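Keeping their order, the protein sequence lines are chains F and C. Per the numbering used here, residue 62 is the first one in the first sequence, and the count goes up by one each step. Per the numbering used here, residue 2 is the first one in the second sequence, and the count goes up by one each step.
Just so you know, these hints were derived from the structure itself, not from any lab. These numbers come from a predicted model, not from an experiment. A virtual CB, placed ideally from N, CA and C, is assigned to each residue, including glycine. Don't take each hint at face value.
Output of the computed footprint for chain C on chain F, the stretches with three or more beta carbons under 8 Å from beta carbons of chain C [stated by the list, open to error]:
(1) 79-92
(2) 129-142
(3) 267-274
(4) 441-448
Stretch by stretch, here's where chain F covers chain C in the computed footprint (C-beta under 8 Å, at least three residues) [to be verified]:
(5) 18-29
(6) 72-82
(7) 107-121
(8) 176-182
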Amino acid sequence: MTFSASDGVVLVLVIPVVAAAVLALLPGYRLSARLNMLASGLTFVASLSLFFADHSQPGNYLFVDELNIAFIVLNTFVGFTTSVFSASYIGHELATGRLTPTYLRFYHAMYQVMMGGMNLALTSNNIGLMWVGIELATLTTVLMVGIYRTHEALEAAWKYFILGSVGIGLALFGTILVYMTALPVVGEGINGMVWTVLVAHAARFDPALINVAFIFLLLGYGTKVGLAPLHAWLPDAHAEGPTPISAVLSGLLLNVALYAVLRFKIVLAASPGAVAPGPLMVTLGLVSLVFAAFMLYRRRDIKRLFAYSSIEHMGIITFAFGMGGPVANFAGLLHMAMHSLTKSGIFFAVGHVAQIKGTQKIADIRGLTVTHPALGWSLVIGVVAIAGLPPFGVFMSEFLVVSSTFAREPLLAIALVLGILVALGALFYHLNGIAFGEPTGSTAASDASYTPMVLHFGLVLIAGILLPPTLVTWFRHVADILG
Amino acid sequence: MAHGLTFDVAHLLAGSLVLVSFLMITQHRLYALLNAFALQAVLLATSVAWQANVQRAPHLYVTALIALVFKGVIVPVGLHRIIQRLGIHREIETVIGSGMTMLAGMGLVALSMTVMLKVTPTADPLAREDLAFALSVVLLGLLMMVSRRNAVSQVVGFMSLENGLVLAGTGARGMPLVVEISVAFSILIAFFVIGVFLFRIRERFDTVDVQALDRFRGERR
Chain F
62 MTFSASDGVV
72 LVLVIPVVAA
82 AVLALLPGYR
92 LSARLNMLAS
102 GLTFVASLSL
112 FFADHSQPGN
122 YLFVDELNIA
132 FIVLNTFVGF
142 TTSVFSASYI
152 GHELATGRLT
162 PTYLRFYHAM
172 YQVMMGGMNL
182 ALTSNNIGLM
192 WVGIELATLT
202 TVLMVGIYRT
212 HEALEAAWKY
222 FILGSVGIGL
232 ALFGTILVYM
242 TALPVVGEGI
252 NGMVWTVLVA
262 HAARFDPALI
272 NVAFIFLLLG
282 YGTKVGLAPL
292 HAWLPDAHAE
302 GPTPISAVLS
312 GLLLNVALYA
322 VLRFKIVLAA
332 SPGAVAPGPL
342 MVTLGLVSLV
352 FAAFMLYRRR
362 DIKRLFAYSS
372 IEHMGIITFA
382 FGMGGPVANF
392 AGLLHMAMHS
402 LTKSGIFFAV
412 GHVAQIKGTQ
422 KIADIRGLTV
432 THPALGWSLV
442 IGVVAIAGLP
452 PFGVFMSEFL
462 VVSSTFAREP
472 LLAIALVLGI
482 LVALGALFYH
492 LNGIAFGEPT
502 GSTAASDASY
512 TPMVLHFGLV
522 LIAGILLPPT
532 LVTWFRHVAD
542 ILG
Chain C
2 MAHGLTFDVA
12 HLLAGSLVLV
22 SFLMITQHRL
32 YALLNAFALQ
42 AVLLATSVAW
52 QANVQRAPHL
62 YVTALIALVF
72 KGVIVPVGLH
82 RIIQRLGIHR
92 EIETVIGSGM
102 TMLAGMGLVA
112 LSMTVMLKVT
122 PTADPLARED
132 LAFALSVVLL
142 GLLMMVSRRN
152 AVSQVVGFMS
162 LENGLVLAGT
172 GARGMPLVVE
182 ISVAFSILIA
192 FFVIGVFLFR
202 IRERFDTVDV
212 QALDRFRGER
222 R
């Protein structure tokens, strides 16, 4: 029996759904935490099988190509490591009484629904289904952001809900407009929403209508990417929810929304009369980068600090994809992967730190390398990596973005470098106190799980020193698809 | 002649949705706002049913039914109760005054007409006008969400925005997944309404803990 594309794709979607149903029924958090890990691990393995799948027959609803495999593998991998981190994180939350067993049951089920939603958005060949997947993932994260039920958490969840829904509404309007554009060309029915059909016929689309559609899609999904000035929900949602959720929000959900934008960018690029989507994305990306870089200085909450850093990096990635061309697209893809791994690794460390110190206030977290050497140095490594210093992978991808921009638009490159340097200064300004200041707060031993952190930072380090040639060939290929 | 009638009825219904949106953005009393919203939902249901009839697409009747029952009856009645329970029916919280809101609304409608009619010269005239009206309803809903601070009116603004989306979706001839999407949206709205409920309790009693609620009512065991 040969392995066909549909098996792997179906597994990636079915495992989270089944796991969610089982986890919703199971009492006992130890067992469900392990099951959560198992389900996430199995999904990751299933996603690896997509490499061997047959890509030639895209279905009307689901499909795989080089582009979405990159996203799915990254998505399921970080989903898996986060579930490992989450298992040790929630034990502590239960012990301190911030979460009750009932809420934990809900939490695990929602975690799987969220993974399922994201995988659905990534594997769908249908722009309506993609929208449904992103909506599902958003809804579940809203519920999880508010899970602590404190005033701040509910406020954050509400803000996320309202802004996220407006974004989702605009994206749906854009999706309807795309269908309307395709209507005269490909006819009524399902064809008008199948992405591969849309790309094949994009050359005959009415340019004016597809332009308007793209504006709606960019603003709608851009809200979910957290691009300034549509980012207002992001810092609150990151700061008030459980830390595993901050890790998946930063590392995964923002990518999924960006993936949706990229899919429509490809359609637009295939339509000759349409406006070039590049400059729009470059502008939004650059504004987000510079804005977030300056906002980093005045942060008082450690999770909020890294949330702004996520806005900054999503800005860089959007900028790179907006520039387009083989090198910039390659750099954007690499940066996206590196950012996901590094940022979720940082959130793993931050989660344990905040638990031990009992606070998220930067002013109260001092001298970590003295009180908790392993955790402290992990955080230092993470921040050095995310700030874009060698020998880590983020340095490599940022270097590629900057150098490819210098070759084409030197003025933009100057703004880009300025933003990156300002952010670097801010991160080190805060890191100095957090890691090397006069020790404060609890010195209790931590029961942290280091494996996910070590794995993430290790991968980022390896990527920085020596990118595996197969990965390079693969990403080059994907960069060509992106045009 | 038959085509003319089809067109006119669809036009009339879509146009009255926009009119009701105007009614909503200037409405300050919460009860009146809910009544206006229920009216809009009924109009939407009629409009969708008309589209189902015109396009010979029976699955659209499901969407119409959802709009009528869920948004025309259940949600307004539910919100009505919540407002009554929490005693907030007189709350007037607007960021901008009526006059300015009205002017801004007119500007938005003009904008959506100009944009949509300009970019769709080749499309089917029925779908084209529908889309222009739908965008107006969407933008007026957005305007309402930003010009109110009260959680209930924000939700109503969002639901009105969603009415515009359903109008657009059903106007696009033969669009698949419309029913599924309207169901997905209904779930979203249900979450919203529950959210408001918890949120308002939270503001009033300073907690969402049900036990604490019992304490406030003197029902603690």
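- Count the residues of the stretch 18-29 of chain C with a beta-carbon closer than 8 Å to any beta-carbon of chain F: does the count reach three? violated (count 0)
- Within 8 Å of chain F (C-beta), three or more residues of the stretch 72-82 of chain C: Three-residue rule not met by the stretch 72-82 of chain C, so violated; n is 0.
- Message: Just to make sure I understand the rule, a stretch counts as covered if three or more of its residues have a C-beta closer than 8 Å to a C-beta of the chain. Does the stretch 267-274 of chain F meet that for chain C?
- Response: It holds: at least three residues are needed, and the stretch 267-274 of chain F offers 5 whose Cβ sits within less than 8 Å of chain C.
- Message: Between the stretch 79-92 of chain F and chain C, are there enough contacts, at least three residues with CB-CB distance under 8 Å, for the coverage claim to hold?
- Response: Since 0 is below three, the answer is violated.
- Item | chain F covers the stretch 107-121 of chain C, three or more CB atoms within 8 Å, holds or violated | holds (count 5)
- Query: the stretch 441-448 of chain F covered by chain C? Criterion: 3 or more residues, Cβ-Cβ distance below 8 Å.
  - Reply: As far as the stretch 441-448 of chain F goes, the hint is violated, because 0 residues have Cβ atoms under 8 Å from chain C.
- Query: Holds or violated: the stretch 176-182 of chain C covered by chain F, criterion of 3 or more residues with Cβ-Cβ distance under 8 Å?
  - Reply: It holds, with 5 qualifying residues against the three required.
- Message: Taking beta carbons only, do three or more residues of the stretch 129-142 of chain F come closer than 8 Å to chain C?
- Response: violated (count 0)
Hint check: violations occur at hints 1, 2, 4, 5, 6; the rest are consistent with the structure.
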